[in-house]
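Undergrad: Line order of the protein sequences matches chains R and E.
The numbering of the first sequence is the numbering used here, which starts it at 1 and goes up by one.
The numbering of the second sequence is the numbering used here, which starts it at 186 and goes up by one.
No lab work stands behind these hints, which were simulated from the structure alone.
Wrong hints could be hidden among the right ones.
No more than 20 Å apart at the CA atoms, straight line, and that leaves these computed lysine to aspartate or glutamate pairs for EDC-like [unchecked claim]: (1) R:LYS2 - E:GLU324; (2) R:LYS75 - R:ASP21; (3) E:LYS232 - R:ASP121; (4) R:LYS134 - E:ASP272; (5) R:LYS185 - E:ASP209; (6) R:LYS76 - E:ASP259; (7) R:LYS76 - E:GLU229; (8) R:LYS55 - E:ASP209.
Only a predicted model underlies this, so the values are computations on that prediction, with no experimental measurement involved.
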Amino acid sequence: MKYERLDKYVTTEKQKKFDRDFFKNAEQYEVWDEVKIGEEYEAAQKFEVKAEDIKAFSQAVMDPNPLFNDEEYAKKTKWGGLIAHPVFYTAIGFYCTGVGPSNWIRTPGAYNPGQLNIIYDPFRVGDIITLKLKSTDKWIKRGKYYLQYQQDFIDQFGKLKTRRWPTLIVPHTRAEMEKFIAAGK
Amino acid sequence: MALDFNSVELGTKLPDVVRKVNHDVIDRFAVGSFDYNPIHLDPEWKKKMNLPGGKSNIGHGQMTMSFMASVVTDWVCPAGGMVSKIDAKYIKPVLPGDVITSCGTVTEKHFHGAGKNFVVVEVFAQNQNGEKVAVGEVEAIIP
Chain R
1 MKYERLDKYV
11 TTEKQKKFDR
21 DFFKNAEQYE
31 VWDEVKIGEE
41 YEAAQKFEVK
51 AEDIKAFSQA
61 VMDPNPLFND
71 EEYAKKTKWG
81 GLIAHPVFYT
91 AIGFYCTGVG
101 PSNWIRTPGA
111 YNPGQLNIIY
121 DPFRVGDIIT
131 LKLKSTDKWI
141 KRGKYYLQYQ
151 QDFIDQFGKL
161 KTRRWPTLIV
171 PHTRAEMEKF
181 IAAGK
Chain E
186 MALDFNSVEL
196 GTKLPDVVRK
206 VNHDVIDRFA
216 VGSFDYNPIH
226 LDPEWKKKMN
236 LPGGKSNIGH
246 GQMTMSFMAS
256 VVTDWVCPAG
266 GMVSKIDAKY
276 IKPVLPGDVI
286 TSCGTVTEKH
296 FHGAGKNFVV
306 VEVFAQNQNG
316 EKVAVGEVEA
326 IIP
């Protein structure tokens, strides 16, 4: 497993099984030139939210809020159980995102200058989340190539839990992306 | 006194959230978020690339945004409130060794009726040199 030093932080079943090789099959990813605006995708992997997932994320962001960490405390609140830290969608997004088109967040050399996120309902234990993605805009500014897309996080009852619009700065061409891949080998 | 929407005053400054960031903190966030991008985890790879942060690996933007969101969740969650929107821009990389202080001030109140009333909190995060690393707004529904 890549980055063995991280093993000490692994606590959940999903973390144990997740492949840490960020560039695996990276040649199948899209670069800025290849992205077509308006195309829609559904991630193959679903995310069933367990208490350990919620607690692991709150620990990763060093947030001791008992609503995210303490099941007994959370049972007595209006939520009736744990809810996730509002940025928990990050974990769902990376976990569900596969290889190939729509996997822009894992494009080698991509990075994230900002985003807009709307949270309609907190993620809770028992949610089974489907992730849908759609490319919404791409533009050039000050020599950088921006891509914006929409992510919808939908539970097993069809309820939209979170909608977000991440923005990425991504490699412009396949040749540019391949430099990032080569440097990692 | 318990927090309620009617008692919130514009200009209220929320308690800061301070987080010391080092390689271990970044590693732990990578595991918690499933974001194993080498820009965060692989200093040797990062040295070869022309990416933000110079030759250092950098903290996850999502981690900084989480810190800013925690300013608001610390305030509203005990009262049964929830964060409903986060808009964030990252303006300077967070590096291992940085101490990040996240701050928030209530700037707007929106009157939509019981259970839907919400506030807007302007947030920012700065490093130990007083340089802003991220700015944004967090909306929260308050009972």
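Undergrad: For every hint, state whether the structure bears it out.
TA: Hint check:
no. : hint                : in the structure
1   : R:LYS2 - E:GLU324   : violated, 38 Å
2   : R:LYS75 - R:ASP21   : violated, 38 Å
3   : E:LYS232 - R:ASP121 : violated, 41 Å
4   : R:LYS134 - E:ASP272 : holds, 19 Å
5   : R:LYS185 - E:ASP209 : violated, 24 Å
6   : R:LYS76 - E:ASP259  : holds, 17 Å
7   : R:LYS76 - E:GLU229  : violated, 48 Å
8   : R:LYS55 - E:ASP209  : holds, 18 Å
Of the numbered hints given earlier, the model fails hints 1, 2, 3, 5 and 7; all others are met.
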